[in-house]
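Chain by chain, the residues run as shown.
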Amino acid sequence: MDAIERDLLQKVADLHDVPEGAYNIRENGQSVARSSTKNIEIVTKTEEGKPGIDIIIQPYTKNQSVHIPVILSKSGLKESVYNDFYIGEGADVLIIAGCGIHNCGNQNSEHSGIHTFHVGKNAKIKYVEKHYAQGEGTGEKIMNPTTEIYIDEGGSMEMETTQIKGVDSTKRITTAKLAKNASLVVKEKLYTHGKQTATTDFTVDLDGEGSSADLVSRSVAAENSHQAFTAVINGNNKCTGHSECDAIVMDNATVTALPALTANNVDAELIHEAAIGKIAGEQLIKLMSLGLDEAQAEEYIIQGFLK
Amino acid sequence: MLELKHVSFTAKDEQNKDGGKEILHDVNLTVTERFVALTGPNGGGKSTLAKIIAGIYQPTSGQILFNGEDITSLSITERAKKGISFAFQQPVRFKGITVKDLLTIASDKKLSVSEACHYLSEVGLCAREYVNREVNASLSGGELKRIEIATILARGTALSVFDEPEAGIDLWSFNSLIKVFENLHQKINGSILIISHQERILNIADRIIVLADGRVTKTGGREILPELLSGSRPKTCAVLTGEGV
Ligand SMILES: Nc1ncnc2c1ncn2[C@@H]1O[C@H](COP(=O)(O)OP(=O)(O)O)[C@@H](O)[C@H]1O
Ligand SMILES: [Mg+2]
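As given, the protein sequences belong to chains A and B, one line each in that order. In terms of my numbering, the first sequence opens at residue 867 and continues consecutively. In terms of my numbering, the second sequence opens at residue -16 and continues consecutively.
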């Protein structure tokens, strides 16, 4: 692994070295390092035309982590990868994924990660996903993460997804189906600049009685970038659903937020909040009156907002 | 140290480009004493004057001198760096910025937790509970006001302007706040300009300035206080009071 690759790995997975616990590191279309543990098994998919891995987590596995970072450092690579997680009943684990692209060539690099989560009964997972790209080449850096979530009775999932820099185009699709008393929390953080585009689509079906979903997106769109945020929540039972889109627009950037709430049950309680606007003038004035110049104040406010 | 010469200010009117309302008329004042209180009826122009001093508004005419230097055309940042601090009447909220972040910016150096806590305890906040909290909508009005005052203490500049610091602060804390203002002068060896309606604050002022209807209508030492307090309510509306009709 060279310096660029090590840097990418650090940015997307906070990894300096091979991680503890189970892991699979994918580099330029190939699995380059893998480790299973007693309770967490990682196996290559055998299905034709469906590259990727299955991650099988035994019931009641606790306090363990799985790292599955992906790195693309060759220009012009285009791949779709299927990763399926099977999380056993009562397990409690941390899963860290992430994709880093370094593209210094003139061909597009593109990674589409299709992650499917089968969260077992009363299982609890935290899923952290970071996207980052760099490289001076004219080739675009494209990432299209798809996340399919199925949460069984009493199970819960917390998903943190972050894209901070460098990704030219992204289409982020997340769907979830929740059974009785299952819960889902999603926290998205997004920063776009240049001519980047980012599309976020959430569709959540609250099928089970007592299920709940909380989708929160905080984003900053700068320069000439464009973001579109759609959150569809269907309350099909007695349930609670909340979605929130909080965006700062700067320069010539544009942001669209489209909420869609459907109550198919009289006991479904659904809320949507969306706030889009430029940085509040009084926030800039306050920080300037403490001695920062306007550019520093702006940077401080954005950093805090996306923290 | 601070001197305003013939300062007038007309607020821009979006509908009527030529018109607009004159909020300050030919205001002359100096702040050389340790502690100057600015008082007067609501809507008299006190907050507007404070914003003109901080550089948030530009006067339509007139001049502002700070330590003899003309700062009329300087930006908010430049004035802050020259030693002017301003505590807002309505403090600003931020998502994701913590109390410690604000205190760090204000003190312009890396701040240890114990230093940050020190400023918070001075304004009567139980420091540990607040230092890592976000300065967002979860804080009450009174808490925000105190944090605002703490940032001004952390700056410790030659001139500190406070706009109605007592608003929203309970009586018990108010007593210790008075001490904070009294001590501040010694610590920073500078001046305090405090906008207030509170007798207790006017009482510790070296000089009181009354601003009504955009004009300085009275100025003097503590001795003018009884007259101010016993005086009739300011004439706000001649039609309503039947005067001048
Ligand atoms: N930006 C503005 N545009 C128009 N009118 C304003 C503006 N700011 C303040 N005013 C008006 O100027 C007057 C003085 O306001 P202010 O300085 O806030 O008074 P005070 O702080 O003494 O209560 C009020 O009548 C207020 O409505
Ligand atoms: Mg005021």
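It is possible that part of the hints are untrue.
Partial selection, computed: residues in chain B whose CB lies under 8 Å from chain A [what the hints assert, rightly or not]:
id: 1; residue: I54
id: 2; residue: T55
id: 3; residue: L57
id: 4; residue: A63
id: 5; residue: K78
id: 6; residue: G79
id: 7; residue: D84
id: 8; residue: I88
Just so you know, the hints here were simulated from the structure itself, not pulled from any lab data. In this text, a Cβ means the ideal position worked out from N, Cα and C, and glycines have one as well.
Now for the hints, and whether the structure bears them out:
1. I54: At 14 Å from the nearest chain A Cβ, B/I54 fails the 8 Å test, so the hint is violated.
2. T55: Constraint on B/T55 not satisfied, violated at 17 Å.
3. L57: violated (12 Å)
4. A63: holds (4 Å)
5. K78: Holds: closest Cβ of chain A sits about 5 Å from B/K78, inside 8 Å.
6. G79: Holds: closest Cβ of chain A sits about 3 Å from B/G79, inside 8 Å.
7. D84: holds (7 Å)
8. I88: holds (5 Å)
Hint violations for this structure: numbers 1, 2 and 3, all remaining hints satisfied.
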